[in-house]
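Protein chains in written order, with numbering that gives the first Met the number 0: chain R, 0 to 91; chain Z, 0 to 255.
Because the hints were derived from the structure by calculation, they are not lab data.
It cannot be assumed that every hint is accurate.
[Said to hold, decoys possible] Between beta-carbon pairs, the in silico distance windows are:
(1) R:E41 - Z:G5: 16 to 24 Å
(2) Z:Q102 - R:E59: 15 to 23 Å
(3) Z:E38 - R:P72: 21 to 29 Å
[Unchecked claim] So these bits of chain R aren't anywhere near chain Z, every CB distance computed over 10 Å:
(4) D35
(5) R51
(6) E53
(7) G64
[Unchecked claim] A few chain R residues that don't get close to chain Z, going by computed Cβ distances all over 12 Å:
(8) D13
(9) D15
(10) A37
(11) A52
(12) E55
(13) P70
(14) P71
Each residue gets a CB set at the ideal place from its N, CA and C atoms; glycine is no exception.
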Amino acid sequence: MIVRIATEGQYRLDGDVVERVNALDNDAVAAVEAGDEARFTELFRQIIALIRAEGEPLAEDELHGSDVIVPPPDTSFEEARHEFSGDGLIPD
Amino acid sequence: MAGLSGRFSTVVKAKISKLLDRAEDPSETLEYSYQKQMELLQNVKKGLADVVTAKKRLQLQSQKLEQQVVKLDTQARQALAGGNEALARTALERKAAIQAELQGLDGQISELESQQQSMTENQAKLQSKIESFRSKKEVIKAQYSAAEAQVRISEAATGVGEEMADVGLAMQRALDKTENMRARAQAVDELEKAGAFEDLTQLGAGEDDIDRQLKELSGGTQVDGELEKMKAELAAGGGSAGELGSGDAPAGGEPA
Numbered sequence: 000m001i002v003r004i005a006t007e008g009q010y011r012l013d014g015d016v017v018e019r020v021n022a023l024d025n026d027a028v029a030a031v032e033a034g035d036e037a038r039f040t041e042l043f044r045q046i047i048a049l050i051r052a053e054g055e056p057l058a059e060d061e062l063h064g065s066d067v068i069v070p071p072p073d074t075s076f077e078e079a080r081h082e083f084s085g086d087g088l089i090p091d
Numbered sequence: 000m001a002g003l004s005g006r007f008s009t010v011v012k013a014k015i016s017k018l019l020d021r022a023e024d025p026s027e028t029l030e031y032s033y034q035k036q037m038e039l040l041q042n043v044k045k046g047l048a049d050v051v052t053a054k055k056r057l058q059l060q061s062q063k064l065e066q067q068v069v070k071l072d073t074q075a076r077q078a079l080a081g082g083n084e085a086l087a088r089t090a091l092e093r094k095a096a097i098q099a100e101l102q103g104l105d106g107q108i109s110e111l112e113s114q115q116q117s118m119t120e121n122q123a124k125l126q127s128k129i130e131s132f133r134s135k136k137e138v139i140k141a142q143y144s145a146a147e148a149q150v151r152i153s154e155a156a157t158g159v160g161e162e163m164a165d166v167g168l169a170m171q172r173a174l175d176k177t178e179n180m181r182a183r184a185q186a187v188d189e190l191e192k193a194g195a196f197e198d199l200t201q202l203g204a205g206e207d208d209i210d211r212q213l214k215e216l217s218g219g220t221q222v223d224g225e226l227e228k229m230k231a232e233l234a235a236g237g238g239s240a241g242e243l244g245s246g247d248a249p250a251g252g253e254p255a
C-alpha cells in the first residue's frame, strides 16, 4: 500500500503496518471527537513516526497516486477538528 | 481507512481530480505550477529575511536597555555615595523597571530565534521538494509527448497531480507560518518603539508622575534590598565615588 505523509513524501507500507496505522488513526479520530487534544497529539505523532520508521520511501522517479494520504506532520488539533473540510487544510 | 487519514485522502483526491480535469495540456499545467511554486518559495524566503531583520532590531534594543541598566546602577551608587538616597532610590527603581522590560524582550527574541531556525529547515525541505517535483514533471511530460498508453499516463498523471497538490500544500503552510512570524516580530518591534525609553538615565530633575508610578510598580522590595546592599558595600569602603557617609549612613537620613 502506498501512503503519503502530506507535505513530506510517499512510503510503501506492508499490510500489517497499515493495520497498525489504521488502528492509531481511528483512535486519533476518537480523541478529536472527545476533544482530547493531548491524546490526539500523541497518537498523531505515533502515526507519523510509525510510517517513517516502517515505510520504504518511494524513489524519485516512481509516479503513483497514494492509497491513503496522512495529514501533514504539523497538523494542529484545531485543523484536525475541522475534519479537513472546506478550506481547512488544503488550498485550492 | 476511515479515520483522519481516510477523510483527508478524500478531500485531497477530490481537489486533485478537479485540478486534472481543468488541465487541457498536462505539460502546460505542470510547467505553470512549477513556476508558481518557485515564486512562492521566493516569498517564503523574503518573509524569513524580514523576520531576521526584525529580530536584529530587537536585539539592538535589548543591548541598549542592558547599557541603561549598567548606567543606572552606577548612578545609584554615585548618588548614595554622595549621600542622596532619594536619588539613588529613583535610579534603582528605574533600573528594576528596565530589567523587567528586558526580560520580556529577551524571551521574545529567543522564541523568534527558535522559530526562525525551524523555518529555515523547513525552507530547505521545500526547496528539495520543488526540485523533485521538477524532475517528476519532466518524466510525465516525456511520457505525454510520446503518447504512451493512456492508462499508464493517467496513473502517472495522478501521481504527479498528487505531488503537485502536495508541494502546493507544503508551500501554503510555510507561507502561513512565515506570515504569522513576521506579524509577531513586527508587533513586538512596534510595542518596543511605542514604549520607547527616552533616556531614563537622566536623573537630577525632581520627581514627576512617572517616578511615583514607577515606585509603586516595582513595589520597592527589590529596590530596598539593593539599596541596603549598596550601603553595606559603601560602608565596607568598596564605594567608587564615596568620600561621604563612609561611617554610618543613616537610612533615609539627610544628605550630608
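Practice prompt. State the violated hints by number, sorted upward, taking the hints as numbered earlier in the document.
Written response: Hints 2, 7, 13 and 14 contradicted; others consistent.
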